[in-house]
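S.K.: The primary structure of each chain is shown beneath.
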Amino acid sequence: MTTTSQPDSGGHFGPYGGRYVPEVLMNPLEELEQAYYAARQDPSFQAELASLLKDYAGRPTPLYFAKRLTETLGGAKIYIKREDLLHTGAHKINNALGQILLARRMGKKRIIAETGAGQHGVATATVCALFGMECVIYMGEEDMRRQRLNVFRMRLLGAKVTGVTSGSRTLKDAISEAMRDWVTNVGDTHYLLGSALGSHPYPLMVRDFHSCMGIEARAQILEQEGRLPDQIIACVGGGSNAIGIFHAFVPDTSVRLVGVEAGGRSLEPGEHAARFAGGSPGVLQGCFSYVLQNGDGQISLTHSVSAGLDYAMIGPEHAFLADQGRAEYVPCSDADALAAAQTLARTEGLIPALESAHGVAEALRRAPNAKGEVFIVNLSGRGDKDIDIYRENFKELDEPESN
Amino acid sequence: MNPSRISKLFARCRAENEPALIAYITAGDPSLERTVSLVEAMELGGADLIELGVPFSDPIADGPVIMRATERALANGASLAGVLEVARRIRERSQIPILLFSYLNPLLSYGFERLAKDAVAAGVDGILMTDASVEEAGKFVPTVRAAGLDTVFLAAPTSPIERLKQVAAFSSGFVYLVSRTGVTGVRDQVAGSAAELVEKMRTVTDLPLAVGFGIAKAADAAAVAKIADGVVVGSAFVRIIEGCDGSPELESKLESFTRELKVGAKAGRA
Chain C
1 MTTTSQPDSG
11 GHFGPYGGRY
21 VPEVLMNPLE
31 ELEQAYYAAR
41 QDPSFQAELA
51 SLLKDYAGRP
61 TPLYFAKRLT
71 ETLGGAKIYI
81 KREDLLHTGA
91 HKINNALGQI
101 LLARRMGKKR
111 IIAETGAGQH
121 GVATATVCAL
131 FGMECVIYMG
141 EEDMRRQRLN
151 VFRMRLLGAK
161 VTGVTSGSRT
171 LKDAISEAMR
181 DWVTNVGDTH
191 YLLGSALGSH
201 PYPLMVRDFH
211 SCMGIEARAQ
221 ILEQEGRLPD
231 QIIACVGGGS
241 NAIGIFHAFV
251 PDTSVRLVGV
261 EAGGRSLEPG
271 EHAARFAGGS
281 PGVLQGCFSY
291 VLQNGDGQIS
301 LTHSVSAGLD
311 YAMIGPEHAF
321 LADQGRAEYV
331 PCSDADALAA
341 AQTLARTEGL
351 IPALESAHGV
361 AEALRRAPNA
371 KGEVFIVNLS
381 GRGDKDIDIY
391 RENFKELDEP
401 ESN
Chain Y
1001 MNPSRISKLF
1011 ARCRAENEPA
1021 LIAYITAGDP
1031 SLERTVSLVE
1041 AMELGGADLI
1051 ELGVPFSDPI
1061 ADGPVIMRAT
1071 ERALANGASL
1081 AGVLEVARRI
1091 RERSQIPILL
1101 FSYLNPLLSY
1111 GFERLAKDAV
1121 AAGVDGILMT
1131 DASVEEAGKF
1141 VPTVRAAGLD
1151 TVFLAAPTSP
1161 IERLKQVAAF
1171 SSGFVYLVSR
1181 TGVTGVRDQV
1191 AGSAAELVEK
1201 MRTVTDLPLA
1211 VGFGIAKAAD
1221 AAAVAKIADG
1231 VVVGSAFVRI
1241 IEGCDGSPEL
1251 ESKLESFTRE
1261 LKVGAKAGRA
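Chains C and Y supply the protein sequences, listed in that same order.
With the first letter of the first sequence counted as 1, position 34 gets the number 34 in the working numbering; the numbers rise by one all the way through.
With the first letter of the second sequence counted as 1, position 223 gets the number 1223 in the working numbering; the numbers rise by one all the way through.
Don't take each hint at face value.
Said to hold, decoys possible - The calculated label-pair distances, taken between Cβ atoms and stated as ranges, are: (1) N1076(Y) - K109(C): 41 to 49 Å; (2) L1044(Y) - Q324(C): 54 to 62 Å; (3) A1081(Y) - E328(C): 31 to 39 Å; (4) Q324(C) - S1247(Y): 53 to 61 Å; (5) G1077(Y) - S266(C): 20 to 28 Å; (6) A345(C) - G1243(Y): 50 to 58 Å; (7) E141(C) - G1246(Y): 24 to 32 Å; (8) Q324(C) - A1081(Y): 33 to 41 Å; (9) E48(C) - K1008(Y): 53 to 61 Å; (10) E328(C) - R1114(Y): 31 to 39 Å; (11) R227(C) - T1143(Y): 47 to 55 Å; (12) E71(C) - N1076(Y): 53 to 61 Å; (13) K1165(Y) - T184(C): 19 to 27 Å.
Hints were generated in silico from the structure; no laboratory data involved.
Glycine included, C-beta positions come from ideal geometry on N, C-alpha and C.
Start from the sequences and build out the full structure, keeping to the hints where you can.
M.R.: Laid out in structure tokens, this is it:
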């Protein structure tokens, strides 16, 4: 297996990935790739990024042993990678810092980004404020409604949030709108894509900027447990937090890599966003990977209680890892994710982002039958942004007399 | 292999010093049935080649006008199979060249072997893939060409000369030059970058060159006809179709608008 030499020079992970864009964007993508490869080799770029990650974002994040949760489940020892502690509340800031430094290096003046749950939008708005760049965030109107707090945060940070009314008014439509902006303003604008998706070099670059999670977690678990973990569990929308924590462990073939997709209300078409449970390879928004589509090659609508996982395609490297049998992907329902969030809150005092709650739910399911094993769960974000959705779903806690 | 309908069109245009007027229409808007008669109207008005747009759920290269047309077409149940049926019905009564204009995924889903066979049977003459670079779509070109279909690729103002060479190498029939960066849609002015792109492209290929994106009126058509072999108009037609909301006058409106464009294009050569 040649998983470590992926992608090839055209950005392919096995058959997946690549560059499926209108010709207008081909040269800009080539320029971005060259700039990124140069930055990757440049010690001053890496030093500046490392310094920002440490002093501004708050890296390294702890690997926390969840003792009460472990005891409650009575099986595997569960460690939690605390990305929820990072500045802006999720892992997304890792990539946003990396890309803004790259954009500055390329002389770009204007930053655009898409956002689903708003975490990437907030991270992007944050780094734009930090570097004094113009910032436009595209967000589906449905997501603006369910993540109102993040919309306000972005605006407070000086970003312009543009609502997208096409299609399902969620992440997919926000990406299309951002691509239309980029295709039009490609000269002075950098598209700060927030997941391990899209055209080469994005899946590679986003993975690299997030690989610090896995590198840290690997050293931390070796220090705390004296051995590698048995399973690493992370939620997967596009797949940036998962690929970030998986990457350092890919060569460690004893470590099971578990990605958790949004199982939504059910696995009927349109009711979920579990690409490996109903999807097939296809092209969407610049990339070839597993995608939810109908028999005519039209992209399906998706649903998840979590806006950040509500997307029809999975990142190409995940498709490759799945084909290779190196990683496994399972769906988790809305209901299970919500229940897991409450369990984690009450046993560990950690309120997870709804996205991350999907990973937590899978750990809860697996742990009781895995006595003697060590799990790492990536807590990719905290739940502050989701309080309104939790309130809607735990109505009994929101009554005046509830206690 | 005999010259294709597309090659014959441009050979005739060159011989007669006439610009080719290329008309885009989103198939299935307002209905597949109606697309057949709309194409007939555009041909009567002087269109020389029809780009038959295959609706796709996520049209990243299109502006709002064609996006809305796509949504209407999909809501009315349009599919690639339906678009091929439209082509077949056009071909029953006309020899106008037909270019399928599609995002890649509906084609991938249909399968290129099957598509090439069925497209030829329907009387389609070529395929253009909006979101497929030569790097990725090159692998499909032999299958499409072997069936006798042309493959038309896009060239953009951002394409360096090496990319233009590649685009030309993978194209047959003609090359479609995008007049400016951006999505499809009507603009007040056709960008000056078009002329520069035409000039660069002429240094790497003898294929006919058509210019599109943002051409909406007779004066634009004239300006483009001065420098290129073909003038592509898309959103301006689709906007008329949208504005008419299926009214019976749609055909006559399209026909007269096509005629205006044709007169404009010819004036560019006068």
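S.K.: For every hint, state whether the structure bears it out.
M.R.: Each hint tested on the structure:
Distance hint check: the CB atoms of N1076(Y) and K109(C) are about 43 Å apart, consistent with the given range 41 to 49 Å. Distance hint check: the CB atoms of L1044(Y) and Q324(C) are about 57 Å apart, consistent with the given range 54 to 62 Å. A1081(Y) and E328(C) have their C-beta atoms about 36 Å apart, which keeps the hinted 31 to 39 Å range intact. In this structure the supplied range 53 to 61 Å holds for Q324(C) paired with S1247(Y), their Cβ-Cβ distance being about 56 Å.
Remark: the range hint 20 to 28 Å for G1077(Y) to S266(C) is upheld by a beta-carbon distance near 25 Å. A beta carbon spacing of about 55 Å between A345(C) and G1243(Y) agrees with the range 50 to 58 Å that was offered as a hint. Distance hint check: the CB atoms of E141(C) and G1246(Y) are about 28 Å apart, consistent with the given range 24 to 32 Å. Restraint check, Q324(C) to A1081(Y): a C-beta distance of roughly 35 Å satisfies the suggested window 33 to 41 Å.
At about 60 Å, the CB distance of E48(C) to K1008(Y) agrees with the hint of 53 to 61 Å. Between E328(C) and R1114(Y), the C-beta spacing of about 33 Å keeps the proposed range 31 to 39 Å intact. Checked against the hint of 47 to 55 Å, the C-beta distance between R227(C) and T1143(Y) comes to roughly 52 Å, which is consistent with it. Checking the proposed 53 to 61 Å range against E71(C) and N1076(Y) shows it holds: the Cβ atoms sit about 59 Å from each other.
Between K1165(Y) and T184(C) the beta carbons are some 26 Å apart, a value that agrees with the proposed interval 19 to 27 Å.
The structure agrees with every numbered hint stated previously.
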